[in-house]
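K.L.:
These are the residues of each chain, in order.
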Amino acid sequence: MINTIKEQNGYLIVDLNISEASLNNSDPFKRELIALLDEKQKKVVIDMSKVEYMDSSFLGALVSSLKHAIALKSDIVLIGLRKDISDLFALIRLDKVFKIYKDFNEVPTT
Amino acid sequence: MTEATRNKILLIDDNSLFLNILVQAFAKTGIICITAGSAKEAINLLQTNRPDIILSDYEMPGMNGIELRKYLMQNKILKDIPFVFLTSLTDKDLLLQGLDLEAIDYIIKDTPVNVIISKLSNILLAVNKQRELSTAEVTNAAKSLNVKSIPAKTPVVNGFGIDFWHRPYHDIPGGDFIDFIPVNERYTFIALGDVMGKKWMAWYFTFGFLSYIRSAVRFATFNADYSTASILSKVNHIICLDDILQDILSSLSLLLIDTEKQVITYSGAGDLPLLHYDAKTAELRQVQSSGLLLGLFAEGEYTEQEIKLAPNDQLFIFTDGMIDFAGNKGKKSDYNLFASTITNQLNTNVNFEQMKATLFDTLADAQVDDCSIINIYKN
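Residue numbers (the numbering used here), protein chains in the order written: chain A, 272 to 381; chain B, 357 to 735.
Calculated directly from the structure, the hints in this document are not laboratory data.
It is possible that part of the hints are untrue.
Short derived list, chain B residues pointing at chain A, Cβ under 7 Å [as the list claims (entries may be wrong)]:
1. G553
2. L628
3. D676
Here a beta-carbon is modelled for each residue, glycine too, at the ideal position from N, C-alpha and C.
Given these sequences and hints, build the entire structure.
P.N.:
Listed below in structure tokens is the structure:
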């Protein structure tokens with residue numbers, strides 16, 4: 272579900288290959304993301320442009336992966352959020368928790 | 357039947373013509389088909405799809421049906437999806453090998469398509485029935501323990517009316533929880549939370565959160581602390597220290613009604629903005645808090661604000677299930693659509709009781725998560 276695109280500027284850039292991010296795929300997503308963080312020891316940039324809907328189970332998986340990343344002194348950066356999802360992040364203040372950018376060009380160099 | 361409740365079948369065959377015939381035949385039954393032309397393609401699809409049943413050809417180039425079944429048996433989630441072989445072979449040893457791999461049946465390929473459809477529909481009916489029975493068994497067990505994450509009734513609070521509506525997703529208790537905690541004649545606390553996750557696991561953790569919230573409220577009020585921000589901060593801190601809740605997050609809206617001053621104090625943790633209906637202007641305004649989800653950071657800062665309701669004003673506190681909708685174009689979250697639906701109802705003088713009977717039932721048809729909403733108004 273997580274496809275590695277490339278490594279650039281100290282980040283591992285990955286693509287999330289699902290349109291509906293929900294309870295059905297939140298556990299495997301979290302396992303894959305945590306394995307990537309552990310293995311690569313790099314900050315991970317997730318391109319979310321294919322995701323059209325995200326439920327609270329998936330948000331929970333994303334946030335607990337971020338806690339794992341912070342414990343490793345790493346980070347999870349989100350790019351390409353669609354408007355509905357970006358609005359949801361702002362409504363529940365997750366925009367203060369994740370670093371969110373429009374695309375990778377906006378992500379500051381580490 | 358909504359998209360979410362329709363059965364889904366994964367058809368795997370390297371013969372695309374045969375796949376198309378099956379897809380067209382299944383389309384008439386309401387069963388959703390996803391197709392794969394090889395075992396490898398099926399494995400990729402199963403990463404993001406959870407069908408209710410799999411019908412797989414035996415003879416395929418690359419990985420064959422038996423090898424695919426063996427592969428799925430290694431996966432603790434995928435191995436439980438009912439698996440049916442489709443084969444043109446009549447080799448009894450091979451058929452037995454398939455059935456030994458816990459495949460529930462096999463179908464000979466030259467069986468008429470309508471018979472294949474009937475056979476699989478019957479298997480799905482049996483699977484659905486078994487699922488309902490298992491759910492009913494756990495639901496009954498939970499009922500007999502007499503533990504509830506949603507109260508049976510609302511408290512009587514001088515000067516205010518309180519009502520709520522709650523519907524679990526697929527009628528299985530989930531992560532939403534509501535609590536009313538009357539402290540004395542003057543003060544009553546109201547809590548609405550949503551443990552991130554769905555169904556039984558989320559439901560189980562609601563009790564951890566509810567216990568901490570109740571305890572924090574009691575300890576605080578013993579010490580004459582009636583600050584919702586201070587209570588929320590303590591609840592968050594202790595949840596962050598709890599190993600069992602280490603990976604579990606929850607939103608929370610915590611409100612305190614002070615009947616003497618006739619005001620409401622509110623603090624929020626990763627919750628959706630409340631909606632305050634101003635009867636004078638006939639408009640809804642958002643009441644936004646700044647707190648982050650419970651269990652995220654131990655040092656999370658929480659603030660509080662006062663909400664004053666004028667006569668006929670109303671306050672709505674709700675979980676994210678209320679703003680999620682399933683439509684023809686898939687699922688989406690739309691806070692503004694929910695707010696405008698509520699405004700339209702209120703502007704036609706519909707009260708909460710009437711909303712429960714009509715609006716929320718309509719919303720529930722497109723339900724994709726637990727739905728909970730609390731309504732507070734001035735008497």
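K.L.:
Could you run down the list of hints and mark each one as holding or not?
P.N.:
How the hints compare with the structure:
1. The beta carbon of B/G553 is positioned within 7 Å of a beta carbon in chain A (closest approach about 5 Å), and the interface hint is therefore held.
2. The criterion of a C-beta within 7 Å of any C-beta in chain A is met by B/L628, whose closest approach is roughly 6 Å, and the hint holds.
3. Annotation: B/D676 was flagged as interfacial toward chain A, and the flag holds, the nearest CB pair being 6 Å apart, inside 7 Å.
Hint violations for this structure: none, all hints satisfied.
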